[in-house]
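Based on the hints, put chain C in the right spot on chain Z.
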Amino acid sequence: MASYEPWNPQRAVEIIAQHADREGALLPILHELQETFGHVPDAATPILAGALNLSRADVHGVITFYHDYRRKPAGRHVLKLCRAEACQSRGGDAVAADVAKRLGVPIGSTTADGMVTFEAVYCLGLCASGPAAMVDDRIVGRLTVGDRLDRVMKDVRG
Amino acid sequence: MSLRLYVSGDAAAVAVGADEVAGALAIEAAKLSLNIEMVRNGSRGMLELETLVEVETSDGRIGYGPIYPEDVPGLVAAGLFEGGPHEKRIGRPEEIPFLKNQTRLVFARCGITDPQSLTDYTTLGGYEGLTRALALGAAGILDEMGKSGLRGRGGAGFPTAIKWKTVADTAGDRKYIVCNADEGDSGTFADRMIMEGDPFLLIEGMTIAGVATGATYGYVYIRSEYPHAVAAMDRAITTARARGLLGPNVMGSPFAFDMEVRVGAGAYVCGEETALLDSLEGKRGQVRAKPPLPAHKGLFGKPTVINNVLSLCSAPWILANGGEAYAAYGMGRSRGTMPIQLAGNIRNGGLYETAFGLTLGQLVDDIGGGTLTGRPVRAVQVGGPLGAYFPRELFDTPFDYEAFAAKDGLIGHAGVVVFDDTVDMANQARFALEFCAVESCGKCTPCRIGSTRGVETIDKLLRGDRPAAQLEILKDLCETLKFGSLCALGGFTPYPVQSAMTHFPEDFRAREPRLVPAE
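Top to bottom, those sequences are chains Z and C. As numbered in the numbering used here, the first sequence has no gaps in its residue numbers, which increase by one up to the final residue, 159. As numbered in the numbering used here, the second sequence has no gaps in its residue numbers, which increase by one up to the final residue, 506.
No lab work stands behind these hints, which were simulated from the structure alone. Do not take every clue at face value.
Claimed, not checked - Here are some of the chain C residues that sit facing chain Z, going by a computed Cβ distance under 8 Å:
#, residue
1, Ala(-1)
2, Val3
3, Thr44
4, Ser45
5, Ala64
6, Ala252
7, Glu268
8, Gly336
As the list claims (entries may be wrong) - Now the stretches of chain Z that chain C is said to cover, found in silico as 3 or more residues with beta-carbon under 8 Å:
#, stretch
9, 16 to 29
10, 37 to 43
11, 61 to 74
Every value quoted in this text rests on a predicted model; they were computed, and no experiment measured them. For each residue, glycine too, the CB sits at the ideal point set by N, CA and C.
So that you can see chain Z by itself, here it is in the shape it has in the complex (with noise of 0.2 Å):
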C-alpha cells in the first residue's frame, strides 16, 4: 500500500515547475501528481491549466480520457485483475467472480469501508502466466481460485 500526501497546491506548483520545460509535460506531470497525492483533484484543473497554457476544458479533457487518473482518492489497496483474452482463457472469468463474491462489491467499484479499489485491467502481459493480477504495485501471476488468491486477499483485507 502507498502512502500519500494529502493535497497542497503549493507542491503541486512545484512539481509542475520542474517538468515544465520538457516536451509535452503534462502526462508526466499527471502521474507525479497522481503518485504524490494518490490522485488528482479538480482543483490541480485550473493551476495545470495557467502553468501550461493551456484552457481548462484541454486540461479536464486529458484527465479524464486517460484510465490511469483519477479524480478521486482510490482505497487503501487497489487491486486490478485483468480481464482480457488471455487471461479469460485461463480461468480468469471464475477468479473475477470469486474476488467480487468475496470483496462483496463488483469490478470498478470501492468496498464500503474503502479498504478495497477493485477494477478491471486490460493485459499486464503476463499472458501465459495468468490469471494476473496487480495488487497496489505488485504483480500477481497463476491466480487460479485457491492457495495463490487467498494469500493476494489476505494482503488486501489484511
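Chain C in isolation, oriented as in the chain Z frame:
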C-alpha cells in the same frame, strides 16, 4: 570461488514469486557459508518453467523449474548448488526442444545475460550493429534495412526501410525516433520481455534509426501496466549515457542521439501510432487523420520514425550481419524471424522466435503442446483483441502476413491466444465490441457508437429478440466499422466478431444469458 546463480527477474517470473525465490536462495547459501553471485537475468521465455533457477557448473548452466519459494530448502538439500538431481531439474535449458528449435536473432541474449550489464551485452555481440552503422553512414544503413525486407512488427507490416528513408529525405530542424512500446494486445509480451531482458538492444536499435534518418532524439512510450520494463529501460538509458553511447557524440562519432522513456496512462488506443504521438505531446490520445504521415509531420509536427519495439530491436542484428543474411529467413514477403508469443490456455506458453512459415497447428499443437487444461483446442485468436479467431480447420495456415490476410485474419504483433472447448464464441465476439467501446478514442462515429450498438445487438440476439434480423444487423455493422473507421481499433474490431460468426455459427443462437460483463 563464488558460485553463480541465475534467477529470472522478468515480470512473468516475479509475478509467480521469483523475488521470494531469490531471497530464499540467498538465505540457504548463507547457512552454508557459500559465497554466491546472483544474476537476475531476463526470461528464457519458457513461462511454464518460471521461476527458472539456473546454476553455473562445469557442464554449463543447469536449470530447475518451476520453483516456488517453498521449494528452495529441499532443492538446496538435493544439491542445487552442484547441479544435483531433483524432480524439477531440467538440465541445460538450451537443450530443451522449445529453446533449441528456435531461431533467436532478436532474443539472442534474452535470458542469458544480466540485462543491466553493458559488459554482458557487448561480450555477446552488442553494439556491433551500431559500430557498422556508423561506418556505413545513413545511405548504407538504409540499403541494409531495405535488403533485410524487415516489416513493421507492431502489426501493420509496413516496410521499415521505407519509413526510415522517408524521414531521412524529409527536411527538419529536429527529427524524432519514437518507439511504440504500448503493447496492449492481450496475448503479447515480447516487447515487455525484451525491454526487461535486453534493454540495451532497444537503445542500440533506436540509435541506428537516428543515425539513418538524422533524428537526434528518441522517446520510448511504454504503457503504465509495465512498471518493470519502465524501470529497466530507465536504468539502461542512464548507463548508456554515462558510457557515451547516448549523447552529443555517440561512440565518439559526430552523431548526436539521446532518448528518454515516457509512460502511458492506460489507454489502449495509444498503441495506434498517431494517437501515441498526440499522447506524447501531452494531449488526449486521439487518432489523427492521415495524411500527413508521421514521417512528414509527426511528433510536434516534425519528421518522425515511429516503430514497434521489435522492429527497432531487429536493426542491430541486421546491421551487424547484413540485410541479406536476415532476409534468408522467412517465406514470401515475410522475411526474417518473428518472436511469436504462445499464450492463454496453452501447455508450453512463452516466447518462440522463429522464421516466418510455421503453420498455426505446428505452433499450437507441436510446440505449444495443446491446452493447459488438457481439453481440445476450439479457437485460437491471433493478433490481439483485434485479431481473428481461427478454428482447427484453418490450422494449416502458415505464419505469414499475406497467408493470414488471405484467411481474413492478421498476425498483428504475433500473439497467439488458445481457448479450449469451453469457450463461448458469442461471448468473445461481444467482448471484442465491448472492449472497443471502452477503449475508443471517440473521434470517429463507427467506432464510438458502432461498438456499443454491436454489444446491444448481440445481447438482443442471445435473448431471442428476432435473432435472424440481429445477425444481419451485426454483419452490416461490422462492414461499417471496417470501412468507416479512422484507425485499426474500429477498423479491425470486426475481425474477431466476423470470424467468430463465420467459424462458430452454432454459438450465435438465442439461449439463456450467461454473459460475464467485462466492465
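Here is how each hint holds up against the structure:
Because the smallest distance between the Cβ of Ala(-1)(C) and any Cβ of chain Z comes to about 5 Å, under 8 Å, the interface hint for this residue holds. Against a cut-off of 8 Å between C-beta atoms, the interface hint on Val3(C) holds, since the closest Cβ of chain Z lies about 5 Å away. For Thr44(C), the interface hint is violated, since its Cβ never comes within 8 Å of a Cβ in chain Z; the closest pair sits about 28 Å apart. A cut of 8 Å between beta carbons decides the hint on Ser45(C): the least distance to chain Z is about 33 Å, and the hint is violated.
Interface hint status for Ala64(C): violated, as the beta-carbon distance to the closest one in chain Z is roughly 23 Å, over 8 Å. A hinted interface residue such as Ala252(C) counts as satisfied when its beta carbon comes closer than 8 Å to some beta carbon of chain Z; here the least separation is about 4 Å, so the hint holds. Because the closest C-beta pair between Glu268(C) and chain Z is about 4 Å apart, less than 8 Å, the hint holds. Restraint check, Gly336(C) versus chain Z: the minimum CB separation of about 3 Å is within 8 Å; hint holds.
Requiring three or more residues with a Cβ within less than 8 Å of a Cβ of chain C, the coverage given for the stretch 16 to 29 of chain Z holds, as 6 such residues are present. Chain C is given as covering the stretch 37 to 43 of chain Z, and this is violated because 0 residues of the stretch bring a CB closer than 8 Å to a CB of that chain, at least three being needed. Only residues whose beta carbon comes within less than 8 Å of a beta carbon in chain C count, and the stretch 61 to 74 of chain Z has 7; three or more means the coverage holds.
In summary, the numbered hints that this structure violates are 3, 4, 5, 10.
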